[in-house]
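This is what each chain is made of:
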Amino acid sequence: MTTLMITPFAPSRDGIANYAVQEVASLRRSGVDVEVLSPLPSAAHHHLVVGSATGMTRLLRRASRYERIIVQAYPELLFGACRHRIERLLVWRLWQQVAARTEVEFRIHEIDYATITADPLTQRVATAALASFDRRTVHTQPERTALLDAAPDIGTVDIVDHGAAFIPRTTLDRTQARATLGLDPDAYIFLSIGFVQRHKGFDRAVRAFARVQPHAPVDTQLHIVGDIRVDHPDLAAYRDELDRMVASTAGCSRRTGYVGDSEFDRWIVAADCLVLPYRSIWSSGVVERAALFDRPVIVTDVGGLADQARANTTVVADDHELIEAMARSVGVDGQVGTDDLPPDRRAIESVVKRHAGTVRADGVTRPSDHLRHVPAAILGQPVSERRGVPQVKRMIFRLTSWMTQPLADTVNDLRDATNSAIDDLEERNR
Amino acid sequence: MTDLDRTGTIAFVPPRYGPGVVGGAEVVFSEFAHGLADLGWDVEVLTTCARDHFTWANEFPPGTSTDGKITIRRFPTVLDTPGKDRDRLGNRMLAGERLTLDEQQRWANDSLRVPDLWFHVLDHGDDYRAMFFGPYMFWTSLAVGQVHPDRSILIPCLHREPAAYLDIYKPLVEGSVGVVFLSDPERDLAADLFRLPGNHEVLGSGIALPEHYDVDGFRAAHGIDGRFVYYAGRREWAKGWLDLVEAFRIVRARGSSLQLVTSGAGDPTLGAPELGDALIDIGFVDDATRDAAMAAADCYVQPSALESFSRTILEAWGAGTPVIANAASDVVSWHVERSGAGVLYRGGAELVEALTLLDENPAAFAELASGGRDYVREHYEPSSIVGRLDDAIRRWTQ
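Residue numbers (the numbering used here), protein chains in the order written: chain A, 629 to 1058; chain B, 210 to 607.
If you are wondering where the hints come from, they were derived from the structure by calculation, not from laboratory data. There may be inaccurate statements among the hints.
[Unchecked claim] DEER-style ranges, computed between Cβ atoms: (1) B:D289 - A:Q769: 37 to 43 Å; (2) A:E695 - B:N408: 40 to 46 Å; (3) A:A815 - B:T275: 51 to 57 Å; (4) A:S1048 - B:R597: 36 to 42 Å.
[What the hints assert, rightly or not] Take a look, some chain B residues computed to stay more than 12 Å from chain A by CB distance: (5) G549; (6) E559; (7) P571.
From the three backbone atoms N, C-alpha and C, an ideal C-beta is built for every residue, glycine too.
If we strip away everything but chain B, and leave its shape as in the complex, we get (with noise of 0.2 Å):
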């Protein structure tokens, strides 16, 4: 092992990073990070100040700091733009409109830019062996993934949105060196809509089992006594959490004693039906809290239709609870069909139906996931992940 090359710096470079950061994208780019790291490579992290993806304040300090084996340095957002454009642009295009080129550059760049780290890249690009940049819509992988093409990996993310058929994206994934996905939906939806170049390769991320779950320990912390559907992650109208609180409102009402707990980033009752009792958030948990969490409910539930990997359903099945999880998702559904470990279901209507049957049913429910969980063994172990990327650097950047 010790004579393999893994000479220069590898730097990952998402837009957020660190403690209180909730997202997928941001846990594969850190599972990455570390686990090259602890293969010996010399790795960084190139991010922004801010920690919340809605307001982008810069809210850590700006500069260099350590996590674990990993550099930091993070460079400040700047918002000096109305976002008028971002917001005018952005409804066209979630009307199916097509924007021009011109209008796209002003879409993408009246948001969050962080030129420091544009310029951080341009002087010290050459430093590094490797930057790997995503998700693909972020200004730090539009503007910053092209500034050394030569040396940009990109972990797109994809999936099908009104954004990933803009035309400025085609440079940053047609032009770099190498482009690594979570799954082979992505891959093809980008095959599909990009040139992709010869460098490609599906990954999947990592996911860690723990080898005890502490389901008393967490009932008791958290007063729950009663059955419960689980959702982790963002609560917020992307994600579909308001089309999960509408379902659950209604299995409620035909009268169903199932439980709704959350946790993650978002206000759950923003524009959210009232549920009383019936919701319970446990706010921004750590992974222990959220793997019992998941052991102990009687099911998990995905709503979301933008995931491009969707680690929580994996961390469902390695947890033995099954899954409810929305078909307009790609790879959600490939996991499903491929696991056999869940319900899928297509609009408000069926996941209500889901919902009922999961009340009435659950020993047939958690049937269903005896799979799951050597799906994950076979398919997301974390080192064999971690070791085909450290494969992929080697030989994508010779």
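Just chain A, with the same shape it has in the complex (with noise of 0.2 Å):
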């Protein structure tokens, strides 16, 4: 008999389809005989939408030839084709049919809790499909208890390991690794790595940088590796602001683009520490990976993050602990002060322009600095929570976005192609 595994996976590039990949590996490895079904066309041997009551009618068919179904569950997959309440119920009670057909563990790896919570009915829907499972697993004690506040009769609640099937991606050392990443050999590497979310917080690790490396007894850096995930005005937004501020902060830089798992690997071998000041998560794939090569970590204590901590991570309440944890990482001797604004006007100025990015590192204000406040140009998503504003906008989306998106694009063009120019004629007159 064969399992089934339902998750997004590869080519796609996220967290829970690498995750999977690794975990259908071993499983292979070990002789279980596993398949895979996602909801977009991949890799998988199968292609299903399950996030609705059509899907999981579909699934509920083929569920007994299975004899283990394992569920890597996150909202977009356990309803994101659900069209209101009453379609997001019959989800449940049609999970509850399919472990009733076979054998289901549940493994969550973030969840809307309004989904068990939101009225009387849900919770006594979604607990019984939660508690008709054979196995409900998350990754960390804080998953385990809010999970069972939020449905106590679910029956028990297991943990597992994160990186349980984490493999290595790379073989090479740090000297190795920086050589191939064109790092300095010598520099203080501090790394947050990941997509550019403002959850993922690399802002704060920015802010605190710039505390920290000017008292540095060595040439230190922080490396931001990572891009936005989808082109929405929030993220785009998110993205401009930080390099703002990565532009505004000696020893900065964000490395842009897609990055491979190999080099994802590669610069956690660089680095001499992450930096992972997440404001929200449930738990990281990063942690995991970094505990691969033995890095030390820097990590708020948010979600599960304390609890996937490991002797070389230091877990931080606030700012003003992280400075601290940086600094200390780096060899600051003594304190690093959070008051240490001089009492002077154009200073403080000068430090709200620096933060806000608003001039270079250098610290020189250039008549062509407002182009790089231009935000980039984004075609509004058709969203909206009226009812049935989301259908008009999508159609009416549908019906301009041909003339508007060329236009958006040559906008973008025309200001990245005026910034790098501005760029090249300054580098040319130093």
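With the hints as a guide, dock the two chains, each given alone in a separate frame, to form the complex.
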């Protein structure tokens, strides 16, 4: 008999797909016959959008062919195609019926607790479904606690090691990895790596680094490695904000674009310390990958991160502790004060401008700097919380985007070309 | 030679392989695979059951077979998506629009996929010392090439086309253990688009020159008495075939008696202007017939702008025949400028004039070809190129 894993899958690139690939490889190595079902076409054997009543009905029809089903659960997979509350309830019921036909392990990566606790009926139906599974698993104790708080009567919730199936994607040592990435072999390197999203808090790392770097006894750098996952105005605005901060912070840079698995691991190997000041998270695959290479990590105390901590992990409560942890990591002798601002208006304004990214790392303001604050032109997404409006917006979007998207692309190209031309001119005049 | 480390199995992973498969990249993979096997490497080809790159129909049986010293493992293609995303997003890409990452993924996964090949590499990737993937654009490279990046070597066969600019290919190129290029322009383009790994090398592809070209036999077999220009390869829009036929129609209308002889895959009359007797299709031919046709022709025409190596123009030079070639291809221009053995054109009007000049001045064109054979011998001697590949594998996979 065969095990079916339901999950996003390669070659799509996201944390859960990457996690699933490694677990599938591990199961198959141990002799388990595993097939994969992904919501979108991929390298999986099957594809089916299970996040709707129709999708779940189709899954139900084939469920008894499998000895076991492992679900890599997150909100989009579970309910992404549901149109309303009743359909979400139906999906929970159908999961219960799937569990009646075969063994189900429900591995929760992320969950929207409103889909469990929205109202008494939802709570009853969701609890019954969760209780019907043979195994419910999460990665950390805080996640288990939160799940049991939301649904106390579902039975036991097991914790499985997030990195149990992880394998290294590079065999290089620190020196070799730095050479391949063009990094200074002698510098002390902080690394924040992953998709650029506000909840990952890479801006906090930049701010803390700006406080630590002037006191560091050796050449110290912070590398942000990652980019936004989808073109969404909020994400693009955050990326631009982060880039302004990076540009105004000496020793700081961002590696833009899409990073492959082996390069991802080479960055970790090359780093002296990872800085992951997440604002929110369930559990972190990056923490597990850092553990694979025994790299020190500084994490904030959110989600299950403290639970994932190893001996060389520093868990910090706030930005002040983050600064202190980074300072200790690079060997700063003594405290890095948080109140070392001189009582001088211009000096304070200059710090304000630097933090806001309105001056460069050299402290000089240039007339062209306002160009860097022109946000990227991104078409608004056809979404709304008002009933029926998203459908209308989507239709308008489809009818007009063939005209508006090229305009937006051209505006962005002009913006980038102008910035890059000014950079070139300034470089030549230097 | 015997104490060189050639332990471990080398896999080549082209999307198609075998008899009846037409394409320059497929020839390169076959040449490298056989060349390494002859040097003593254990070589496998992991590929699909498809012969046709339009239908991707499973024509070869799945499973294991052999081709000389090489083991071939074939896996069935899966085409179970409607292909609407592929068409719609592909058209937007061709129109110069930038696709989001999500759209790029949907475009890439809405065509052939080969899950059994992907899982074979997942399960057995550690059994291979190195796996060569290419061309870059196919799912077999994009998806399968990233399963074991620490063992993946890419032969991208890259040229300027909209897909080359997609973000989804960056991890494939940048994460591979090494990249093998076929020409300097290909390497330069890749360096513009990607952060190349430290291990990369321009190797080219070997061109084996026959001892004898049976021109008389070729003419007799196909009933061709007069002067002609020749094109060998895929007769399809993307390769500039329709431009060539249209130019040839105009040249004929000017009173030329030149004929256009062609061989290869695809229907040469599909979508093309009516040429009547002026077009002679000799179909899919063996290497000896192709070489004889090259030698018998007044000129070989390369109308494609999408070339990553263009081995046919090198085969033409090997046969002592000049070339008229599309300057829109960086690598073709590079070959012609280095060898001096051909004429470059830009656009359909220049192609018409080049063909007309050939018709009127065959001696001048024939003289151009004199440096071509030496160029091929100097740069593309097969054993030298396979030797450099052999060396690269040992250096990159220690």
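Status of the hints after comparison with the structure:
no., hint, in the structure
1, B:D289 - A:Q769: 37 to 43 Å, "holds (42 Å)"
2, A:E695 - B:N408: 40 to 46 Å, "holds (44 Å)"
3, A:A815 - B:T275: 51 to 57 Å, "holds (53 Å)"
4, A:S1048 - B:R597: 36 to 42 Å, "holds (37 Å)"
5, G549, "holds (36 Å)"
6, E559, "holds (30 Å)"
7, P571, "holds (48 Å)"
Violated hints for the displayed structure: none, as all numbered hints are satisfied.
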